[in-house]
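Engineer: One-letter residues, chain by chain:
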Amino acid sequence: MAEQEKPLDKLLPQGQAYLVFGEQALKLIQGLQDNLQTGGDWRNALQHSFTPIRKHFFQSFQGNGTHPNVAALWGLPLTTWQRVVSALAIPPGDAPQPESSNQRAGNPLQAALDKALGIPTLGVTREWQEQAQQYGKLWLAYQEVNQEYHALLHKAANRSLDLLQERLVTMAEEGKAVATLRELYNLWVDCSEAAYAELVRSPAYGKTKGQMINALMRFKSQGQHIVDNTLSAMNIPNRREVNTVHARLQEIRRHLSRLEEPSLARADPMAALMTGLQEEIKGLRQELNTLKAAHAPKATAQRHRPARKAKTGAAAKEE
Amino acid sequence: MIPISINTDQAAQELLAFSHKLTRGINTLGELGEIPIGVCTKDAVYREDKLVLYRFHPHVDDPHPIPLLIAYSLVNRPYMLDLQEGRSLIQGLLRAGIDVYLIDWGYVDDADRYLSLEDYISGYLGHCVDYIRVHHHLDRINLLGVCQGGSLSLCFSSLYPEKIKNVVPMVTPVDFHTPDNLLTHLIKNIDVDLLVDTLGNVPGELLNFLFLSFNPFRLTSQKYLNLVDIVDDEEALKNFLRMEQWIFDCPDQAGEAFRQFAKDFFQGNKLVKGEVYIGSRQVDLKHITMPVLNVYATQDHLVPPAASKALATLCGSKDYSEFSFEGGHIGIYVSARAQHQVPSSIATWLQERG
Numbered sequence: 013m014a015e016q017e018k019p020l021d022k023l024l025p026q027g028q029a030y031l032v033f034g035e036q037a038l039k040l041i042q043g044l045q046d047n048l049q050t051g052g053d054w055r056n057a058l059q060h061s062f063t064p065i066r067k068h069f070f071q072s073f074q075g076n077g078t079h080p081n082v083a084a085l086w087g088l089p090l091t092t093w094q095r096v097v098s099a100l101a102i103p104p105g106d107a108p109q110p111e112s113s114n115q116r117a118g119n120p121l122q123a124a125l126d127k128a129l130g131i132p133t134l135g136v137t138r139e140w141q142e143q144a145q146q147y148g149k150l151w152l153a154y155q156e157v158n159q160e161y162h163a164l165l166h167k168a169a170n171r172s173l174d175l176l177q178e179r180l181v182t183m184a185e186e187g188k189a190v191a192t193l194r195e196l197y198n199l200w201v202d203c204s205e206a207a208y209a210e211l212v213r214s215p216a217y218g219k220t221k222g223q224m225i226n227a228l229m230r231f232k233s234q235g236q237h238i239v240d241n242t243l244s245a246m247n248i249p250n251r252r253e254v255n256t257v258h259a260r261l262q263e264i265r266r267h268l269s270r271l272e273e274p275s276l277a278r279a280d281p282m283a284a285l286m287t288g289l290q291e292e293i294k295g296l297r298q299e300l301n302t303l304k305a306a307h308a309p310k311a312t313a314q315r316h317r318p319a320r321k322a323k324t325g326a327a328a329k330e331e
Numbered sequence: 007m008i009p010i011s012i013n014t015d016q017a018a019q020e021l022l023a024f025s026h027k028l029t030r031g032i033n034t035l036g037e038l039g040e041i042p043i044g045v046c047t048k049d050a051v052y053r054e055d056k057l058v059l060y061r062f063h064p065h066v067d068d069p070h071p072i073p074l075l076i077a078y079s080l081v082n083r084p085y086m087l088d089l090q091e092g093r094s095l096i097q098g099l100l101r102a103g104i105d106v107y108l109i110d111w112g113y114v115d116d117a118d119r120y121l122s123l124e125d126y127i128s129g130y131l132g133h134c135v136d137y138i139r140v141h142h143h144l145d146r147i148n149l150l151g152v153c154q155g156g157s158l159s160l161c162f163s164s165l166y167p168e169k170i171k172n173v174v175p176m177v178t179p180v181d182f183h184t185p186d187n188l189l190t191h192l193i194k195n196i197d198v199d200l201l202v203d204t205l206g207n208v209p210g211e212l213l214n215f216l217f218l219s220f221n222p223f224r225l226t227s228q229k230y231l232n233l234v235d236i237v238d239d240e241e242a243l244k245n246f247l248r249m250e251q252w253i254f255d256c257p258d259q260a261g262e263a264f265r266q267f268a269k270d271f272f273q274g275n276k277l278v279k280g281e282v283y284i285g286s287r288q289v290d291l292k293h294i295t296m297p298v299l300n301v302y303a304t305q306d307h308l309v310p311p312a313a314s315k316a317l318a319t320l321c322g323s324k325d326y327s328e329f330s331f332e333g334g335h336i337g338i339y340v341s342a343r344a345q346h347q348v349p350s351s352i353a354t355w356l357q358e359r360g
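Line by line, the protein sequences give chains A and B.
Taking the numbering used here, the leading residue of the first sequence gets 13, the next gets one more, and so forth.
Taking the numbering used here, the leading residue of the second sequence gets 7, the next gets one more, and so forth.
Heads up, a few of these hints could be off.
[To be verified] Taking beta-carbon pairs under 10 Å as the criterion, some of the chain B residues facing chain A (in silico):
#	residue
1	A17
2	E40
3	L188
4	T226
5	E250
[As the list claims (entries may be wrong)] Only pairs whose alpha carbons sit at most 30 Å apart, straight line, appear in this in silico BS3-like list of lysine-lysine:
#	chain 1	residue 1	chain 2	residue 2
6	A	K188	B	K229
7	A	K219	B	K27
8	A	K219	B	K269
9	B	K194	A	K167
10	A	K149	A	K127
11	B	K315	A	K219
12	B	K315	B	K27
13	B	K269	A	K39
14	A	K304	B	K269
Just so you know, these hints were derived from the structure itself, not from any lab.
All values derive from a computational prediction rather than experimental measurement.
Beta carbons: idealized from backbone N, C-alpha and C, even for Gly.
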């Protein structure tokens, strides 16, 4: 089990993220005021003020996996997932972050890797080469599905901006206004949660999330396979062997436990006697029921209906 | 009217004030030290592997003669039930005259990977039930299962009805395929065999990620800003930190037990179909013939009420009752309202049944 992150470790980055949000909000407010000074309608001004934020979102989602600037908020699901990936990495620690399709397209090393993974394997070490190639291919497969996840998040992030805009318009129509940065932040969180909730409940999210975990597992499994083979070649016990030992040990423990079952009753002879008698009565009842069922005339047999179940407590009061 | 009435000077002042508070908060957190958790005195009375069975000191001279065993979920830790003074389901039960035992499953490690649901239900849980039966010279005891612990308790009560006098599933999923079940929605596309074969034990981080997926912005950002607001209130800060510790104290899950629970309960919804097997024995909820008090929370986002209430038509008990609490999955243990309503209702229901 990984060590728990301390609240202090979360407070500082989230505090900093809020300050980043504040800076962005100040730009939004300034933009809104500038647009209003040109004499336009406030709705148009609001629309114009949101345009750079949308652009900023787009650029952030085209970047790498950390997304420090995705309005300081929409990077959180990605950061949380990255922590999970890091916890599962071989060796444990910060796992490499998937690159965006744009980054991959412009990266000469990536192009060389793509090419290398397709080269036919040859010679005595052919199997090892194949395993390494497979490892690389599985990482690329994970990257691909990770990009799908990014795309879904990007869509939801845009939706959250739509919601924020809608909420601000509704507030204005009701004669209300956001008076502090904190209020604006809370409104932004509400809209983000609403957009995220829509996303999480969608079939596309469930499917992509499942595919992402599965792709990561295939990648990790292949990594383990390589490590196991390497250890085996060095005559060092590996995970496969430890698993076999653990499985056998657990089976022996179950067997022992079954053998020791009566020992608990032996600690209390009266309890053992009672248990024995109860078992005997239970057996006799079952035998009697079987006999009754066998002799019951089929034509008169009726389906037993359970008694209506009572409700008490608050549930009963509600009805 | 313009919907944002913040001027830039005022916003800059607000940010400055926030950064001062943040600095103060960081200093205060650094000075708080260890936060005590748990309020009721207890003794470890039985141990097996990493499991510890605790008995709480009764709060009355003549407690109810049938003890209550609480089986908590394998996910998260059971101290949520006895968090602090005034936020403790167990304290409420003890005050109401119940003799309370609690199972702490412990933290599994790689050597526990092959623990199956049979090992947990017929093994660990069964051994705890037997210990209490022998110790109190009783044939049957009361069993309360929380969340996943409730599902395990229902399986146990179905397989060993002769050992359970009354069963109380609490925020317990029974029908895992109700339309509002988000956990199932997230788990159904996961290749569970691949996951367990690859990872062995399933890391707590992965489960935490699933739980955080429900409200990522509130749970990973907003609440820490709210923390800054309470930096000058030491008690509020300690309450926050206790909850924080519990939320992220997510033990790894024994691989084989997780495999069966995820596949049979979440993906296959076999509990409602009577197709769950614990070892070689089939779980039929109709065998639950003892009195049942089904406790659920109306705003539960993890176990929707419908998922719990499905038990009404599936169990074989003629004495079936429900208690609905207006709150959420966590609030049912720790909210002020829960302290007044939940333990007393459970205790009264148990006492009425002898």
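Engineer: Take the hints in turn and mark each one as holding or not.
Structural biologist: Here's how the hints hold up against the structure:
1. A17: OK, holds: B:A17 within 10 Å of chain A, min 5 Å.
2. E40: The hint is violated - B:E40 has no Cβ within 10 Å of chain A, the shortest such distance being about 12 Å.
3. L188: 7 Å, holds
4. T226: With a minimum Cβ separation of about 5 Å from chain A (threshold 10 Å), the hint on B:T226 holds.
5. E250: Interface hint status for B:E250: holds (5 Å vs cutoff 10 Å).
6. A:K188 - B:K229: 25 Å, holds
7. A:K219 - B:K27: 42 Å, violated
8. A:K219 - B:K269: 17 Å, holds
9. B:K194 - A:K167: 23 Å, holds
10. A:K149 - A:K127: Given that 30 Å is the threshold and the Cα spacing comes to 11 Å, the pair holds.
11. B:K315 - A:K219: Satisfied, since the Cα-Cα distance of roughly 28 Å is no more than 30 Å.
12. B:K315 - B:K27: 46 Å, violated
13. B:K269 - A:K39: Not satisfied, since the Cα-Cα distance of roughly 50 Å exceeds 30 Å.
14. A:K304 - B:K269: The hint is violated at about 39 Å.
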